[in-house]
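Undergrad: The lines below spell out each chain.
Number of protein chains: 2
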Amino acid sequence: MSFNYVKQAGKFLCIGRNYLAHIKELNNAKPSEPFFFLKPRSSVLLPKQGPVLVPQGTIVHHEVELACVIGKTLKNLDPTSFTPKDALEALSGYALAIDMSARNVQDEMKKKGLPWTIPKGFDTFMPLSAFITKEQITDPYNVELNLTVNGETRQKDLTNLMIFSLHRILTTMSSIMTIEEGDVVLTGTPKGVGPIVAGDKIEAWASVDGKIIPESILELD
Amino acid sequence: MSFNYVKQAGKFLCIGRNYLAHIKELNNAKPSEPFFFLKPRSSVLLPKQGPVLVPQGTIVHHEVELACVIGKTLKNLDPTSFTPKDALEALSGYALAIDMSARNVQDEMKKKGLPWTIPKGFDTFMPLSAFITKEQITDPYNVELNLTVNGETRQKDLTNLMIFSLHRILTTMSSIMTIEEGDVVLTGTPKGVGPIVAGDKIEAWASVDGKIIPESILELD
Ligand SMILES: [Mg+2]
Ligand SMILES: [Mg+2]
Ligand SMILES: [Mg+2]
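So the protein lines, in turn, are chains A and B. Counting from 13, one number per residue, gives the positions in the first sequence under the numbering used here. Counting from 13, one number per residue, gives the positions in the second sequence under the numbering used here.
Hints were generated in silico from the structure; no laboratory data involved. All C-beta atoms in this analysis are idealised placements derived from N, C-alpha and C, irrespective of residue type, glycine included. Keep in mind that a hint or two might mislead.
Quick list of simulated restraints, FRET-style, between CB atoms [said to hold, decoys possible]: (1) A:GLY69 x B:LYS168: 53 to 63 Å; (2) B:LEU32 x A:ASP119: 23 to 33 Å; (3) B:ASN88 x A:ASN16: 27 to 37 Å; (4) B:LEU32 x A:SER14: 28 to 38 Å; (5) B:ASP98 x A:GLY69: 23 to 33 Å; (6) B:THR95 x A:ASP151: 53 to 63 Å; (7) B:GLY69 x A:SER14: 33 to 43 Å; (8) A:THR165 x B:GLN20: 38 to 48 Å; (9) B:THR165 x A:GLU147: 56 to 66 Å; (10) A:ASN88 x B:PRO226: 29 to 39 Å; (11) B:ASN172 x A:GLY69: 27 to 37 Å; (12) A:THR165 x B:VAL209: 47 to 57 Å.
If you want the footprint, here are the derived chain B segments under chain A, 3+ residues with CB under 8 Å [claimed, not checked]: (13) 52-62; (14) 118-130.
Excised from the complex, chain A in its bound form:
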């Protein structure tokens, strides 16, 4: 199990609202193009580093997501010449991530038109799995994302439900900021997000065609 990719990441970029049923469950508007936000390195939580913290006064939601590790510099990609195949070739691999979100704080920020950095950026708010190779995930749209809380299934959906493909995500991002080798891109969460409380046992994993990827397993409590 290797976590070197975490050290090498320059930035952690997260796509919002990329699964329709998740957009509906939070009564959000469907975006016409991908938008994204940054999570700080200080929010990374690696296995055995302890539990996810629930800061006082916050309602913390889990969002299980497929993370892509970028393999080369991507800058001002031309969507006509940069193909969906090129997008997959631009990745060095994958990981499983949980984009923990202080939902009540985020709702307040949204109402006030303020940045999402605080609700998305608390310490421990980005549990990350070990590195997953492209041999283990040959098709990033055929990955089942799973998350349970105290043994109860909360999230379980295929990545083929993504609204914006990796090709579209990387094209849009690269038109705004240079994506660098090592950067990590979280691709959005399927439906089923919900609150956790201190002491909850959270388990998450990715599977392909019914087989769990051992490197993807996250166990937090």
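The hints should help you fit chain B with the ligands onto chain A, whose structure is shown.
TA: Okay, now just chain B with the ligands, sitting in the frame of chain A:
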């Protein structure tokens, strides 16, 4: 002139709305406590790396700001025992920064309740000066921030107009995320923000008691 601090920075944190006259010029609400956002490393623009880019369809505003370089880990600071003097001692030095902002995109994001990452995060959107020592800035509240466009004064105000002190900023930030040695904190912009267009000559500098700090000088065109 040293720029090593830029390489060593883990994250770039920016305070919003920290000068009253700037809040008023944009018709924003005064915050009751500090809020902040992240800029990516890919937005850094060092001297002689070229001009600030004005992406198609955007209205780009300059925001000159005093940046603080953090000298030690700050985590869950207790505002009763962490003193204003401790705050200054927690810094290793300073820099001058311009927080370039795609204002029309930011206005749209605010209206929609979306993150500020895109309007704040374009490549070249964070010009940074050389490192400024604590001997050169003995009092961070007695620094005049200056910015001219094509020789015309646009921003010129003292940092003593800050609403939230460094003590307050660091206390709040540290209650959300661990501030690490090397992190860079931009402390907000005074009034006078306004648009730039491609080809504009932008000059910015900091002065103390009428004397320009040579390390602070930014010349962009
Ligand atoms: Mg998410
Ligand atoms: Mg943000
Ligand atoms: Mg600013």
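Undergrad: Are there hints from earlier that the structure breaks, and if so, what are their numbers?
TA: Numbers 1, 4, in rising order.
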